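Trainee: Sequences listed follow chains R and U, in order. Convert by adding 40 to the 1-based position in the first sequence; the result is the number in our numbering. Convert by adding 20 to the 1-based position in the second sequence; the result is the number in our numbering.
Derived by calculation from the structure, the hints in this document are not laboratory data. Fair warning: there could be bad hints in the mix.
Here are some of the chain U residues that sit facing chain R, going by a computed Cβ distance under 8 Å [stated by the list, open to error]: (1) Gln109; (2) Pro114; (3) Gly116; (4) Ala117; (5) Thr120; (6) Val122; (7) Val152; (8) Val155.
Derived list of chain R stretches under chain U, where covered just means 3 residues or more per stretch with a C-beta under 8 Å from a C-beta of chain U [what the hints assert, rightly or not]: (9) 111-118; (10) 142-150; (11) 156-170; (12) 201-215; (13) 226-232; (14) 235-248.
Derived Cβ-Cβ restraints for the label pairs, each shown as a range [stated by the list, open to error]: (15) U:Lys115 x R:Arg181: 26 to 36 Å; (16) R:Pro128 x U:Arg107: 17 to 27 Å; (17) R:Pro233 x U:Gly108: 25 to 35 Å.
All figures in this text were calculated on a predicted structure; none of them were measured in a lab. The C-beta atom is built at its ideal place from N, Cα and C for all residues, glycine as well.
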Amino acid sequence: MTRPPGRVLAAVTAALVALPAALLVACGGPGAEGPAGTPARPAASSPAGRPTGQAGRAARPLPRSVPVELRIPVIGVDTPVMRLGLAPDGTVQVPPVTAHDQAGWYGHSPTPGQVGPSVLLGHVTVGRYGDGVFRHLSRLRRGDRIEARLGNGTTAVFTVGSVRTVAKAHFPAREVYGDVDRPELRLITCGGPRTGNGYADNVIVFATLTAGTPPG
Amino acid sequence: MRRTVLSALALACTAVLASTVPAFADGGSPTTAPRKTPTAAPAEPGKTAPTPVPTEQAPSAEPTVPGTKPTAPRPVPTTAPTRAPSRGQVAVVPKGAPDTGVAVKTSQSGPDAAVIGGSAAGAALLAGGAAVFVVRRRRATGA
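With the sequences and hints as input, model every part of the structure.
Mentor: Pasting the structure below:
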């Protein structure tokens, strides 16, 4: 049973084609939900907080009250919020790198629900401790729900308008920290390719206040 | 002629495997590099620990006790900004981009690393099998 040489070549060629394809499939599995790349969220698993698929209309501003808790049901975030300031070099402080890290509110920005961009930050990964509180932030999509519970008991409900991944070298400070005419929220973490001990990009979620629920 | 073609295919196969290795070099391939022993401090060195947010609303409606004189407002005990305050809604715009991610160390091989390692091993096996197949066919056909 001698196979013609053409078949041999075809078999080898098929193996060579299958080889990189197998590699691509493997890298696109769990790793694809990481901070970089195209998020791969399972369409069926939508536990909660996926109201309309649109950003919705802005709600009335809320009185100033610092955030104490942040919830993003669709990616399983439920974290206390700490206050952040400025580092000595003028950059924004970030939450400590710990096993159970939490999100932080930049204290020189408006509180969630006030007119202006309220800025919250969290880690995507925390070194040897693994995933950070904002590990899956890049999975958020337009229309997803974000809840910030404030110190006065009110819950500020935001709806995601857009999610952007930008190079740190071209961080859009004006879009993140610039004035706006309604209550907005910025969630920031890292993403993109790794560079040494960190990441090359930032993932930024832009959201708008769509409701404010009184203390229950 | 056929030997030349087969040699070229083997070379291409080697190139594919070689090109995959640098792509995974940053991932979680387990190494035996000596690691620092974990310290008792939970925070990474060099990071300043931010203060927790108070659970009560600080600045508004200071309670007044009857019979006492209202006192002057106290300064808010926050971190003093190192830059001049701006007049925007964000009082002080930070420099640069936030550094909100410490990459996973190489000693931790998580599920991603296992998948990548498994796929690389599978690819090597596939390539080896293809080479053996080719050699056997060549011997069988007498080429």
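Trainee: With reference to the structure, classify each hint as holding or not holding.
Mentor: These are the hints, each one checked on the structure:
1. Gln109: 3 Å, holds
2. Pro114: Since the shortest Cβ distance to chain R is 4 Å, the answer is holds.
3. Gly116: 5 Å, holds
4. Ala117: Holds, about 4 Å.
5. Thr120: Constraint on threonine 120 (chain U) satisfied, holds at 5 Å.
6. Val122: 4 Å, holds
7. Val152: Nearest chain R Cβ about 11 Å off; hint violated.
8. Val155: Status violated, d = 11 Å.
9. 111-118: Coverage by chain U is violated here, the residue count being 0 at a Cβ distance below 8 Å.
10. 142-150: holds (count 7)
11. 156-170: With 12 residues closer than 8 Å to chain U, the segment 156-170 of chain R meets the three-residue bar; holds.
12. 201-215: Holds, because 4 residues of the segment 201-215 of chain R bring their Cβ atoms closer than 8 Å to Cβ atoms of chain U.
13. 226-232: holds (count 4)
14. 235-248: Result for this restraint: holds, n = 5.
15. U:Lys115 x R:Arg181: 26 to 36 Å: 30 Å, holds
16. R:Pro128 x U:Arg107: 17 to 27 Å: Roughly 24 Å apart at Cβ, these two residues keep to the hinted range, so it holds.
17. R:Pro233 x U:Gly108: 25 to 35 Å: 32 Å, holds
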